[in-house]
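Asks: Could you put the whole structure together from the sequences, leaning on the hints where they help?
With the first letter of the sequence shown counted as 1, position 24 gets the number 24 in our numbering; the numbers rise by one all the way through.
The set of hints was computed from the structure by calculation and includes no laboratory data.
Predicted, not measured: the structure shown is a model, and the values here were computed from it.
Quick reminder that beta carbons are idealized off the backbone N, C-alpha and C, glycines included.
Where hints are given, some of them may not hold.
Computed beta-carbon distance windows for the label pairs [claimed, not checked]:
id	residue 1	residue 2	range
1	63	29	30 to 38 Å
2	72	115	32 to 40 Å
3	68	91	47 to 55 Å
4	94	11	38 to 46 Å
5	85	29	21 to 29 Å
6	28	113	20 to 28 Å
7	10	46	22 to 30 Å
8	95	4	45 to 53 Å
9	83	16	17 to 25 Å
10	95	12	37 to 45 Å
11	12	88	33 to 41 Å
12	9	43	19 to 27 Å
13	57	93	40 to 48 Å
In silico EDC-like links for lysine to aspartate or glutamate, alpha-carbon gap of 16 Å or less [unchecked claim]:
id	residue 1	residue 2
14	45	75
15	9	58
16	45	84
17	80	46
18	47	75
19	54	66
20	29	19
21	68	84
22	10	84
23	45	19
24	9	66
25	63	53
26	10	65
27	54	12
28	54	19
29	9	59
30	42	79
31	47	79
32	45	79
33	68	53
34	47	19
35	10	75
36	54	75
37	56	75
38	42	84
39	56	66
40	9	65
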Amino acid sequence: KRSAKALDKKAEIFNALREALRIALPEGKNGLNDDGDDTDMKTIKEKVAAFQEKLKSEETLSKRDEYKKMIQQIDTYWDKLFADPISVHTATGEQLIQPQRTNNILERFFRDLKIETSTEN
Numbered sequence: 001k002r003s004a005k006a007l008d009k010k011a012e013i014f015n016a017l018r019e020a021l022r023i024a025l026p027e028g029k030n031g032l033n034d035d036g037d038d039t040d041m042k043t044i045k046e047k048v049a050a051f052q053e054k055l056k057s058e059e060t061l062s063k064r065d066e067y068k069k070m071i072q073q074i075d076t077y078w079d080k081l082f083a084d085p086i087s088v089h090t091a092t093g094e095q096l097i098q099p100q101r102t103n104n105i106l107e108r109f110f111r112d113l114k115i116e117t118s119t120e121n
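Replies: See below:
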């Protein structure tokens, strides 16, 4: 019973991170194929900072290695998570492209490639 409660707590925290990042939202139906939503980067950055502060302020969580590592990973990749859009000049004019915050697109490509390869054999 204690293991189930611990697992529920981890799922709750993971869902809170997904909500903050606006990626593969718990209520979404696309799972790993979720592209996130159109929330502006400033709002996402604020929500992730609040998520981190909440983890750091909860005494029982802030002492656990898995949450320390999570916070450290977010800190390490902070600038990449919230990179500014890239300006690209095209035939139709300048366009802004927001760099992906995850490798979901690449993972999706390899999953699809694997499926195609397995159905051809």
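Asks: Take a look at whether the Cβ-Cβ distance between residue 83 and residue 16 falls inside 17 to 25 Å.
Replies: Taking Cβ atoms as reference, residue 83 and residue 16 lie about 23 Å apart, which means the hint holds.
Asks: How does the Cβ-Cβ distance of residue 63 and residue 29 compare with 30 to 38 Å: does it lie in that range?
Replies: 36 Å, holds
Asks: Check whether the Cα positions of residue 47 and residue 19 lie no farther apart than 16 Å.
Replies: 8 Å, holds
Asks: Can the restraint linking residue 54 and residue 75 be considered satisfied, given a maximum Cα separation of 16 Å?
Replies: 15 Å, holds
Asks: Are residue 94 and residue 11 spaced within 38 to 46 Å by their CB atoms?
Replies: The hint (38 to 46 Å, Cβ to Cβ) holds, given that residue 94 and residue 11 are roughly 42 Å apart.
Asks: Between residue 9 and residue 58, does the CA-CA distance stay at or below 16 Å?
Replies: Given pair residue 9, residue 58 holds - Cα atoms ~13 Å apart, limit 16 Å.
Asks: With a cut-off of 16 Å on the C-alpha distance, tell me whether residue 9 and residue 59 pass.
Replies: 14 Å, holds
Asks: Is 47 to 55 Å a correct range for the gap between the Cβ atoms of residue 68 and residue 91?
Replies: 49 Å, holds
Asks: Is residue 80 close enough to residue 46, meaning Cα to Cα at most 16 Å?
Replies: 15 Å, holds
Asks: Holds or violated: residue 45 and residue 84, Cα atoms, limit 16 Å.
Replies: With Cα atoms ~12 Å apart, residue 45 and residue 84 stay inside 16 Å; holds.
Asks: Does the structure keep residue 68 and residue 53 at a Cα separation of 16 Å or less?
Replies: Holds, because 12 Å separates the two Cα atoms, which is no more than 16 Å.
Asks: Against the 16 Å threshold, does the CA-CA distance of residue 56 and residue 75 hold or violate the hint?
Replies: 13 Å, holds
Hint check: violations occur at hints 21, 22, 35; the rest are consistent with the structure.
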